[in-house]
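Chemist: Please construct the entire structure, taking both the sequences and the accompanying hints into account.
Quick note, the sequences are listed as chains A and B, same order. Quick note: my numbering has the first sequence finishing at residue 252, numbered continuously throughout. Quick note: my numbering has the second sequence finishing at residue 322, numbered continuously throughout.
What the hints contain is simulated information worked out from the structure, not anything from laboratory work. Being a predicted model, the structure only gives us computed values, none of them experimental. By construction, the Cβ of each residue, glycine as well, lies at the ideal position given by its N, Cα and C atoms. Misleading hints may appear alongside valid ones.
As the list claims (entries may be wrong) - With a straight-line Cα cutoff of 20 Å, these simulated SDA-like cross-link-like pairs (lysine to any residue) come out:
| # | chain 1 | residue 1 | chain 2 | residue 2 |
| --- | --- | --- | --- | --- |
| 1 | B | K292 | A | R24 |
| 2 | A | K182 | A | L25 |
| 3 | B | K292 | A | W73 |
| 4 | B | K292 | A | T190 |
| 5 | B | K292 | A | D134 |
| 6 | B | K292 | A | L45 |
| 7 | B | K292 | B | G281 |
| 8 | B | K292 | A | E238 |
| 9 | B | K292 | A | L141 |
| 10 | A | K124 | A | L141 |
| 11 | B | K292 | A | L23 |
| 12 | B | K292 | A | P203 |
| 13 | A | K124 | B | A266 |
| 14 | B | K292 | A | Q245 |
| 15 | B | K292 | B | E302 |
| 16 | A | K124 | A | Q58 |
| 17 | B | K292 | A | L33 |
| 18 | A | K124 | A | T190 |
| 19 | A | K182 | A | P203 |
| 20 | A | K182 | A | A243 |
| 21 | A | K124 | B | L275 |
| 22 | A | K124 | B | A267 |
| 23 | B | K292 | A | K182 |
| 24 | A | K124 | B | G281 |
| 25 | A | K124 | B | M262 |
| 26 | A | K124 | B | P271 |
| 27 | B | K292 | A | L80 |
| 28 | B | K292 | A | Q30 |
| 29 | A | K124 | B | E302 |
| 30 | A | K124 | B | K292 |
| 31 | A | K182 | B | A267 |
| 32 | A | K124 | B | G264 |
Said to hold, decoys possible - A few chain A residues that don't get close to chain B, going by computed Cβ distances all over 12 Å:
| # | residue |
| --- | --- |
| 33 | L45 |
| 34 | S120 |
| 35 | A156 |
| 36 | V176 |
| 37 | V237 |
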Amino acid sequence: MSDLARPPAGSALHRFASPARFLRLAGSLQPWLAGGTLLCLGVGLYLALFGSPADYQQGETVRIMYVHVPAAWMALFVYLCIALASASLLVWRHPLAGLVAKASAPLGAAFTFLALATGSLWGKPMWGTWWEWDGRMTSVLILFFLYLGLIALTNAFESPERGQRASAVLALVGVVNLPIIKFSVDWWNTLHQPASVMRLDGPTIDPSMLWPLLIMAAGFTFYYLWVMLLRVRGELVEARLRALQRLETEGR
Amino acid sequence: MGGIESFLGMGGYAAFVWPAYLLAAAVMGGFWAVSRAELKRRERQLQELEQRGGGRRRRRAEGPGGQVPR
Numbered sequence: 001m002s003d004l005a006r007p008p009a010g011s012a013l014h015r016f017a018s019p020a021r022f023l024r025l026a027g028s029l030q031p032w033l034a035g036g037t038l039l040c041l042g043v044g045l046y047l048a049l050f051g052s053p054a055d056y057q058q059g060e061t062v063r064i065m066y067v068h069v070p071a072a073w074m075a076l077f078v079y080l081c082i083a084l085a086s087a088s089l090l091v092w093r094h095p096l097a098g099l100v101a102k103a104s105a106p107l108g109a110a111f112t113f114l115a116l117a118t119g120s121l122w123g124k125p126m127w128g129t130w131w132e133w134d135g136r137m138t139s140v141l142i143l144f145f146l147y148l149g150l151i152a153l154t155n156a157f158e159s160p161e162r163g164q165r166a167s168a169v170l171a172l173v174g175v176v177n178l179p180i181i182k183f184s185v186d187w188w189n190t191l192h193q194p195a196s197v198m199r200l201d202g203p204t205i206d207p208s209m210l211w212p213l214l215i216m217a218a219g220f221t222f223y224y225l226w227v228m229l230l231r232v233r234g235e236l237v238e239a240r241l242r243a244l245q246r247l248e249t250e251g252r
Numbered sequence: 253m254g255g256i257e258s259f260l261g262m263g264g265y266a267a268f269v270w271p272a273y274l275l276a277a278a279v280m281g282g283f284w285a286v287s288r289a290e291l292k293r294r295e296r297q298l299q300e301l302e303q304r305g306g307g308r309r310r311r312r313a314e315g316p317g318g319q320v321p322r
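Modeler: Set out below in structure tokens:
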């Protein structure tokens with residue numbers, strides 16, 4: 001391959017730009033991701049419900065942590081993935097990046113909804129309130145609305161590509177909310193407890209609770225990748241459908 | 253028996269703990285099911301379209317510089 005024909009530097013991502021290659025990769029990854037999801041969630045649920053102790057202060061309500069915290073982590077992680085895909089779409093025009101972002105946004109919204117709802121269910125018995133307009137909860141609610149905005153904007157245009165580009169711009173602007181969510185518990189007075197796992201000085205949570213939490217988080221991550229690939233496959237089939245319908249219409 | 257009741261009772265917090273798990277199962281299970289059903293529906297539509305002769309036109313379109321994703 002001559003230097004002129006070589007893809008530009010930084011376009012390693014373009015190795016998977018071909019939908020056919022991506023579909024082959026997705027097809028071979030999906031059984032592993034499904035297996036990883038079921039295994040991690042199975043083991044994680046067993047440890048969360050049977051193999052971990054009740055908290056000395058919070059009692060059995062601490063078991064809500066094993067779904068609340070992974071959902072909250074995924075709400076942030078999925079947004080980060082969308083932001084990276086959006087940058088890849090806008091800078092390198094990676095053809096699959098827009099589809100990854102489009103497929104991920106509803107998943108991110110679902111994780112954020114779960115984080116908010118399970119947080120409320122944990123907050124009521126421990127704090128005495130379902131909701132408090134403090135920094136952490138408000139910034140996560142804003143993240144939820146950002147996800148809804150991304151979904152709406154992606155589908156607001158007749159041309160899917162335009163929708164994906166507009167949504168990519170919004171996604172990149174919204175990245176500013178991620179550090180606000182992460183550090184909100186340090187910057188403002190809040191009912192929400194500070195970080196106890198992702199700390200510079202190491203986790204302060206007991207290993208008997210940390211391991212089930214990490215295994216559940218791995219299960220949520222596998223689940224995201226599994227369902228996201230499923231949805232990207234759906235988007236690729238939809239693109240083919242549109243192209244064929246257009247050809248059929250033009251051929252008449 | 254008392255063990256099961258005590259487990260299901262979650263120390264008096266069953267009304268908060270179990271809905272959290274059920275909600276997570278419903279949202280994640282439902283999302284997977286909807287995504288899979290949508291993929292299958294689109295694949296069926298595509299198959300029907302290709303059987304109607306769309307496949308021939310697609311091959312033409314996939315010639316040099318064809319943009320139809322496979």
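Chemist: Check the hint pairing K292(B) with E302(B) against an upper bound of 20 Å on the C-alpha distance.
Modeler: 15 Å, holds
Chemist: Are K292(B) and K182(A) close enough, with their CA atoms no more than 20 Å apart?
Modeler: At roughly 38 Å apart (the allowed maximum being 20 Å), K182(A) and K292(B) break the hint.
Chemist: With the threshold set at 20 Å, check whether the alpha-carbon distance from K292(B) to D134(A) stays at or below it.
Modeler: 43 Å, violated
Chemist: Regarding the pair K292(B) and E238(A), is the alpha-carbon distance no greater than 20 Å?
Modeler: With Cα atoms ~11 Å apart, K292(B) and E238(A) stay inside 20 Å; holds.
Chemist: Does the alpha-carbon distance linking K124(A) and L275(B) stay inside the 20 Å limit?
Modeler: Distance ~16 Å between K124(A) and L275(B) Cα, so the pair holds.
Chemist: Measuring Cβ to Cβ, find out whether L45(A) lies farther than 12 Å from everything in chain B.
Modeler: 8 Å, violated
Chemist: Going straight from one Cα to the other, do K292(B) and P203(A) come out at no more than 20 Å?
Modeler: Measuring from Cα to Cα gives roughly 43 Å; hence the hint is violated.
Chemist: For the pair supplied as a hint, K292(B) and T190(A), confirm whether the alpha-carbon distance does not exceed 20 Å.
Modeler: 46 Å, violated
Chemist: Need the status of pair K292(B), L45(A): alpha-carbon distance at most 20 Å?
Modeler: 30 Å, violated
Chemist: Hinted pair, alpha-carbon criterion (20 Å max): K292(B), Q245(A). Please report holds or violated.
Modeler: Holds, at roughly 18 Å.
Chemist: Between the alpha carbons of K292(B) and L80(A), is the straight-line distance 20 Å or under?
Modeler: 29 Å, violated
Chemist: Can we trust that S120(A) is non-interface, i.e. its beta-carbon lies farther than 12 Å from all of chain B?
Modeler: S120(A) is in fact no farther than 12 Å from some Cβ atom of chain B, at 9 Å.
Comparing the model with each earlier hint shows violations of hints 2, 3, 4, 5, 6, 9, 12, 20, 23, 24, 27, 29, 30, 31, 33, 34, 37; every other hint is respected.
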